[in-house]
Structures are given as structure tokens and as C-alpha cells.
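Q: Chain residues, written in single-letter form:
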Amino acid sequence: MNETVTLREAIAALVNDGDTVALEGFTHLIPFAAAHEIVRQEKKDLTLVRMTPDLVYDQMIGMGAAKKLVFSWGGNPGVGSLHRFRDAVERGWPRALELEEHSHAGMANRYSAGASNLPFAVLRGYVGTDLPKVTPTIEPIACPFTGEELTAVPALNPDVAVIHAQQADRKGNVLLWGITGIQKEAALSAKRVIVTVEEVVDAFEEHTFGIVLPSVAVDAVCAVPQGAYPSYAHGYYARSNAFYEAWDPVGRDREKFRGWMERHVLGVEDFAEHLRSIRREGAMG
Amino acid sequence: MTEGEGRGYTADEMMTVAASRELNDGAVCFVGIGLPSQAANLARLTHAPECVLIYESGTIGAKPEVLPLSIGDGELAEHADSVVSVPEIFNYWLQAGRVDVGFLGAAQIDRFGNLNTTVVGSYGGRRCACRGGGCPEIAASAREVIIMLRHSPRAFVDELAFVTSVGHRHGGDSRRELGYAGAGPAVTITDLGVLRPDLETKELTLTALHPGSTVEEAREATGWELRVAEELGTTEPPTEEELRVLRDLKSRTEAARKETKA
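Chains A and P, in that order, give the protein sequences. Reminder that position 237 of the first sequence reads as 237 in full-length UniProt numbering, one-by-one numbering, no gaps. Reminder that position 57 of the second sequence reads as 57 in full-length UniProt numbering, one-by-one numbering, no gaps.
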């Protein structure tokens, strides 16, 4: 049993400076509202973990919240680069960012190992690529039964996992459907779990490809309608491709970026006000 | 995109059509975003209606009405046969050998079909593209790989800045030593022609030119001394049907994008 709380309370209580934090959601259900709250509360020295950093980490990295990024694909999907991410990696602005780069298969297996309370995962991959040369957390391992050489990657056990879902019920069970990516593994691998949801309902209806994360696996549920915008919530709203495109010139320029974050994230109370603020400006689709 | 000297189609269209023809009906295909996704869906809508398209976000048997902008667009889940988790797609499907074809793009390729999607410049110099994603294991475990990228000296390089995905490694049998189940790149399609690995050396060899392209053009656009097959073929130009389906798909996609903007 978990508690239904405000997002502000959940982030204040469950995210500490220096924590390893994973905000997951594969294109779908990206927890933007939670990321903004972390930025607003000026959490710092975070190790951010995420398969596809996306705009959500571009914003957090650009605000200096992260000291390290553990990831497997960095970009603005279908648009181009994450400019704040690149500025941090290539020029150390606003602070240097340490990278730990894996492949998707490696990250998926690291979360699975973490969720299974194993120290590492084994997979067929990485061999012959340059990734092991730049990433120390990739090591060869021999199968104890056949001697076959495979690759080991350490488990991921974030201090906090944050995901966004379509619904929670009154008991705090969480329902996601559509593309559910790595969210279950991320949640079960973490010490503390925060879930933002589109709405809290009395009872779940059946959905194709749906999964339920039981209440006991979740520490805090926060109702944040449209909390995944500009990504999408299957059954609720579509991805704002226009926002992703419009982000490019904002993210490209340090001053423009700071101004945008000050107006629309630091200068607002919550995500509802953020949405009103960007719509008032009318520039982001 | 340049119109192909009055031929009625562009070099990019020729590339997409030629790549789509490489995908057999019924094949299970792990699809990269962008050009590969366009070609794979063209195949599905023309000669390969039974191909099973897998995207790394976990969609199996995806049948998008419009092309996805991102690898996890809702469009991919909407009509899919199944949607599974990311560990399942990589472990139970790709690593387990259930994928016939990996369909990949890249920023850079070398003469043995090794791919770079990670770094432009040196990693120490820290110009980071960081787009490894699913590529390393797709290139490792798919039974074979189809590669698609535009021909230019910046893309076809003598030495990769970073090896993200292994093709035929150093040529010959050197890939086999790594123990990967997949056979590696079978074909590379560019906007100028078709390259296939030499049977012995595994070096990419120009085996066909698209109509209107020349060997000189291909050589100039390649950062190493390009081998050319003794019997050089010419790609069949796109059929009216292929062009119509491809253009419909692209205009539907454009219209859908504009709609979400409005």
C-alpha cells in the first residue's frame, strides 16, 4: 500500500541530492512533470539513468542537476541532437557530465538483473565493438558450464525510479498500456518508486498489452494529468511532435534555454501551470 | 533531394525502393528508425505483406499507417500483433535468433560493413552522437543485416571514428571468431548503387549501379579504393506501383505531422 501524495511532496521526500535516479518511458509515458519538479527543487549531483535521454534529460542536464549519465541512445528522436547534453559532454556547460554508455540490450539486462537482486547480467553483445574501451562496466565472462565467452554488465539499482502511467486505482495499483518499455524493470530494480498517473480510478478496465504494477512495488502515486507531455499517453493524448521540433532552437542556445526554463519550469507552481505557461506563449505546439 | 534527370523519381526514392526489395515476404525484420523504417514499410505495403516488423520499443508485427518519427510512437503499438517489454524484445527475440533480418542505417560505414553511430570525431575529443541504441546487438544477432545510407566520403570512411556495430570486422572469417550467431551485413544500399561483401574477403564490392549513376561517382563518394564487381548490374528502376505506394506513405506521414501541429 502506498500513498497518494502531491508530486512536490513525493520528490521532496524520496529524491535526495547525489541520488541515482532513473526516469523511464520509451518514447511513451516519459515523466516530464516529475523531471520538472526535480529541477524546481534544485536537486543536484544526480546520476541520471535512462535508456533514451530525450528532451527530459536535456532539460535536467542543461539545468546542472546531473553529474553523470548512464544511457544507451542520446538524441531528439526524428529531429537531431540534444544540444544541452552535447554542450555538457563537449564543453562542460553548465558542468561536466560523466558518461557511462551502453547498448539498449545492455541497459535492459542491467535493469532486469537489478530487479532480480543479481549482481550482474549476462548477454551476447558488445564483443568487437569499441564500447568496452570507453565504458568500464562491460566485462567478458566465461560460462561456467561450457566455457563460452559472454559479456557481463553490472545490475542497475537506482535509488529512485520515476515512471508515468495512465491510471492508478484507489489502492495504489498502477496500470500502463501500449508500449510499456522498461518501466516495470526500472521500478522493480529501484529502492524507491514514484509513479505519476493521468488519473486515479475506482477500478481498472481491461486493456490490450496492459501491465499492472502492484501497489506494494510503489512508494508514491501522484495524479498529474498530461504529466508525460510532450511525450504521449496511449488512450489520453498524442505525442507533440511539434514540441520536439520546436525544442531544437531552444536547446541550441544557452540563454534561450535558461530563459525558457526560468519562465516555464522554475517560475511556475506545478505542471498544470507549466502547460498553461507554454500554451500562453504559443511557441511549443 | 535531386530529381533524377527527368527519370521521374529521386535518388532517395531509388535507394528506398531498392532496399525494400531486399526484404523477403514472411521475414521477421528488426527495423531501425528513419530510412530503414521507410523501406521496410514500403516492402510490407508492396511485395512482402506477411513480413513481421519489429521495433526495439517492443512492438512485434507493427503495421504503421504513417511512418513513426520516433521508435516508440503509439502508431507502432496501435496495430501490432504483440507489444512486449524491452528486455523481452532484445533477449527472447533478437538474442534468441528469432530475427531474420536487421535493417539498419548509420552515420559511418567502413569497407567491411562495420558501423559507427556513436561518435563524430574522436571519443576523447568528445564530439558525441551517442546513437548506439539497439544497433550493436541487432548487427550481432540478426541472421543477416541490410544497411542503408547515402553515399558520401564522410559516410564511407577508411577508418571508423568508433565501432558501434560489428559487420565483417577485419574481413575474411574474422567476424566468426566473435561467436555471434548472425552472419553480418548481406547488402548495403546507397543512393548510387548496391554493395555486397566479397565471398572470400568480405570487403564491400559495388555489384550494381542505380540507373544514371556511374562507377566514378561511387568511387568519389567512397573514402577507400572501392572494389567493383566484374559483372556490374543495373538496378531495375522503381515501378509505378512502388513509387505510388512510397509517395502515398510519405504524404500520409506529412499530413499526420501537420495535423498534430495544428
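Some clues are possibly wrong.
Said to hold, decoys possible - Here are the simulated SDA-like pairs of lysine to any residue, each with C-alpha atoms no more than 25 Å apart in a straight line: (1) A:68 <-> A:262; (2) P:63 <-> A:76; (3) P:63 <-> A:44; (4) A:191 <-> A:173; (5) P:250 <-> A:79; (6) P:63 <-> A:209; (7) A:44 <-> A:79; (8) A:133 <-> P:159; (9) A:68 <-> P:120; (10) A:191 <-> P:237.
No lab work stands behind these hints, which were simulated from the structure alone.
Q: Determine for every hint whether it applies to the structure shown.
A: Okay, the hints, checked on the actual structure:
| no. | hint | result |
| --- | --- | --- |
| 1 | A:68 <-> A:262 | holds, 23 Å |
| 2 | P:63 <-> A:76 | holds, 24 Å |
| 3 | P:63 <-> A:44 | violated, 43 Å |
| 4 | A:191 <-> A:173 | holds, 18 Å |
| 5 | P:250 <-> A:79 | holds, 17 Å |
| 6 | P:63 <-> A:209 | holds, 16 Å |
| 7 | A:44 <-> A:79 | violated, 28 Å |
| 8 | A:133 <-> P:159 | holds, 17 Å |
| 9 | A:68 <-> P:120 | holds, 21 Å |
| 10 | A:191 <-> P:237 | violated, 58 Å |
Going down the numbered hints, you'll see the structure goes against 3, 7, 10, while the others check out.
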